[in-house]
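Line order of the protein sequences matches chains C and E. According to this note's numbering, the first sequence holds residues 1 to 336 in order. According to this note's numbering, the second sequence holds residues 1 to 379 in order.
Hints should not be assumed to be uniformly reliable.
Distance ranges between label pairs, derived from CB positions [to be verified]:
1. E/G150 with C/Q10: 52 to 58 Å
2. E/R52 with C/R58: 51 to 57 Å
3. E/R205 with C/A288: 44 to 50 Å
4. E/Q90 with C/E206: 52 to 58 Å
It is worth saying that the hints were derived from the structure and are not from the lab. Built from N, CA and C at the ideal position, the CB exists for glycine as well.
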Amino acid sequence: MRFALTAEQQDLRDVVHELVERLCPPAVVRSAPDTPAVDELSRALAEVGVPGLLLPERCGGLGLDENYLVPLLTETGWAAVPLPVLETAGVAPAVLEAAGLADRLLADGIAVAADPAGSGLVRFAPRATLLLTGGWGGSGPITVVSLSDAHREPVAAVDPAAHLCRVGAPTVLGVVDDPRVVELAWQRGVLGAAAQLIGLSRRMLEMTVEYVGSRTQFGVPVGSFQAVKHHLADALLQVEFAAPAVARAGFSLATDSPERDRDVSLAKALASEAARRVARTAIQCHGAIGYTTEYDLHLYAKRAWALAADWGSAAWHRARIARHLGLAHTGTLPVH
Amino acid sequence: MDLTWSESEEAFRAEAREWLAANVPREPLPSGDTREGFARHLEWERKLFEARWAVVSWPKEYGGRDASLWEWLIFEEEYYRAGAPQRVTQNGIFLLAPTLFEFGTKEQRDTLLPRMAAAEDLWCQGWSEPGAGSDLAGIRSRAERDDEAGGWRLTGQKTWTTRGAFCTHLFGLFRTDPTAQRHRGLTYFLVPLDSPGVTVRGFERLDGDEGFAEVFFDNVFVPDSAVLGEVNQGWQVAMATTGSERGLTLRSPGRFLRAAERLVELAQAHPEAATDPLVDRITEVWMQAQAYQLFTLAQVTDIVEGRPPGPRSSLNKLYWSELDVRLHEAALELLGPQGQTDNPWSRGFLFSLAGPIYAGTNEIQRNIVAERVLGLPRK
Ligand SMILES: Cc1cc2nc3c(=O)[nH]c(=O)nc-3n(C[C@H](O)[C@H](O)[C@H](O)COP(=O)(O)OP(=O)(O)OC[C@H]3O[C@@H](n4cnc5c(N)ncnc54)[C@H](O)[C@@H]3O)c2cc1C
Chain C
1 MRFALTAEQQ DLRDVVHELV ERLCPPAVVR SAPDTPAVDE LSRALAEVGV
51 PGLLLPERCG GLGLDENYLV PLLTETGWAA VPLPVLETAG VAPAVLEAAG
101 LADRLLADGI AVAADPAGSG LVRFAPRATL LLTGGWGGSG PITVVSLSDA
151 HREPVAAVDP AAHLCRVGAP TVLGVVDDPR VVELAWQRGV LGAAAQLIGL
201 SRRMLEMTVE YVGSRTQFGV PVGSFQAVKH HLADALLQVE FAAPAVARAG
251 FSLATDSPER DRDVSLAKAL ASEAARRVAR TAIQCHGAIG YTTEYDLHLY
301 AKRAWALAAD WGSAAWHRAR IARHLGLAHT GTLPVH
Chain E
1 MDLTWSESEE AFRAEAREWL AANVPREPLP SGDTREGFAR HLEWERKLFE
51 ARWAVVSWPK EYGGRDASLW EWLIFEEEYY RAGAPQRVTQ NGIFLLAPTL
101 FEFGTKEQRD TLLPRMAAAE DLWCQGWSEP GAGSDLAGIR SRAERDDEAG
151 GWRLTGQKTW TTRGAFCTHL FGLFRTDPTA QRHRGLTYFL VPLDSPGVTV
201 RGFERLDGDE GFAEVFFDNV FVPDSAVLGE VNQGWQVAMA TTGSERGLTL
251 RSPGRFLRAA ERLVELAQAH PEAATDPLVD RITEVWMQAQ AYQLFTLAQV
301 TDIVEGRPPG PRSSLNKLYW SELDVRLHEA ALELLGPQGQ TDNPWSRGFL
351 FSLAGPIYAG TNEIQRNIVA ERVLGLPRK
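In isolation and in its complexed conformation, chain C is listed as follows (with noise of 0.2 Å):
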């Protein structure tokens, strides 16, 4: 029993940490999908094996786990990437070898969107060269679908460095509907997100706690006010008890646990809830100055939105849950 990362799995961390410090500060989050900055961005992180982490090595990949999927995805999560990072690293490579198409894969860059709920509503669209549609739930077919010819209507959203777009008229790939690699893909997906969510969480805990360190009203800082202090206390508390059951959850899916399906729902119910929490309390704890974009804040609190509620929000990971407890549940599932 060893419950900690491992010195390469730290290793890994450390080296991507480093990088989106670099390379994704707030103004890169802000800027459009075009710019040379995110450019440099996607390279980097292409160039240190996202793409090809859990593709096997016979493929051209580092063939390494979801015990590194995690640490990767919490970094890039704290930075607020404006890539695919999630549905390139973690969803993409079971898909894309199973259609035959792993070296575009590691051709592209951070450039595979997905779309488990075929809501025709896709993230990071601009930059992406290829989606994956379908699989919501860990079943039915995934379409991968060429994006380069296809028309992308940008939508207004809650999160504009999330770039979103609505999707038409693409060309199909090809389509995979063995059930393993599909519910691998969704199972992580739901995971990535979750790690992502614990990025962003500490990102705005961190955020938090700097800024009521040197806000003073009434002659002192803000955050020697008792009020403030509890509500941090009970955000981190939040934190602190979903993230080892991210880490679980990917060790449960690097182990082929027969648990793994209940542990990335469990990860997930946690981790969004948690980051709702800390969004929620980072606001409130800024005052007015949470409360605009000129401000960096609201770029990690509306990503952590989106993903609160995307691969299955909480409610719907309990739900799930529940069913693996036995728990009698009269209704059904929605599809989302």
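Got chain C; can you put chain E with the ligand on it based on the hints?
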């Protein structure tokens, strides 16, 4: 990252499970916070001791098994899985013993620990006073030097002393230097409750059991050997115990994992009451019990690799105590009118309400987390 148990740990688990299955009383014992129930629990404690399961993590010479922290966690899981009785010796073995291991003289360890493990000496915690609760450093009970007799004379009052009316010994804080600053002039004493001048008065807790006591000291003599740690260093010695009290050792995850499983079983047995909203809450409680276990597995990894939890043990305390309340609230909703009888769930509910108060209130824990974990300004 490795969440599997070794062969020897699995063997340890199997041995514990087998012994518990054969020995745990079939009928639940009466509450250990009543005089009759306490006596019944002592029989159980002695049975545990004889089979060397009372204090698994202690060295063999004191009645333990030299078990690792991991094995201790495994034992706790099995203990609660088997539905074994509450540990009425808990304040001695989980709070005082770690302090004795850290600060005790060899003589103190050799004389006190084996008797504690065997449930011959029964220890209660004498910290709180009528005027000193959260503000523990406001303690007024005092100890005055008696050079002639070679010891100290204790005067004052302790209160909220758990099972004080049934115990034989008390570990507590007394002011030895009234001129020093609040935290400085305190000393940690080990006091036999049959010493002349001690009066103990038991009284009822919320559940009606005589689980609380007031302890009065009227010029009670104790020898120098009754001092644990250095004179006037009692605060530091006591704070070493609070880490154990808030953290892992007081409330291991096994307890909540089992309670959450029982809650799920209760919901399965009462499908008519398990409405969707209630199922959702029960699921959430089950999830939180899992999260508590996973948090502690990471924490134990840190501890065995030399990274002590420090103020992060306040996170444990906040989480388990609030989880325990929610767990019992959900159970009582499932039970409906049946919940008003005196039953394990209603008892558990009443006791859960104490969790956010004892071992440092949750407001105090939030202060600690904010100031010492997050680093927010004190004033
Ligand atoms: C079941 C049970 C068993 C116990 N067993 C023992 C025992 O064996 N031995 C022993 O010594 N003691 C024991 N205690 C006592 C326990 O340690 C105290 O109750 C606890 O420290 C709180 O002190 P108090 O009750 O005086 O409350 P107070 O300190 O008076 O607090 C009252 C309220 O004010 C809040 N408050 C106080 N200070 C602050 C602050 N700085 N910031 C924010 N809020 C604050 C508290 O959180 C609480 O809500 C036990 C208590 C219970 C309930």
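Tested hints:
no.: 1; hint: E/G150 with C/Q10: 52 to 58 Å; verdict: holds (56 Å)
no.: 2; hint: E/R52 with C/R58: 51 to 57 Å; verdict: holds (53 Å)
no.: 3; hint: E/R205 with C/A288: 44 to 50 Å; verdict: holds (47 Å)
no.: 4; hint: E/Q90 with C/E206: 52 to 58 Å; verdict: violated (38 Å)
Hint 4 alone, counting from the list given before, is not met by this structure.
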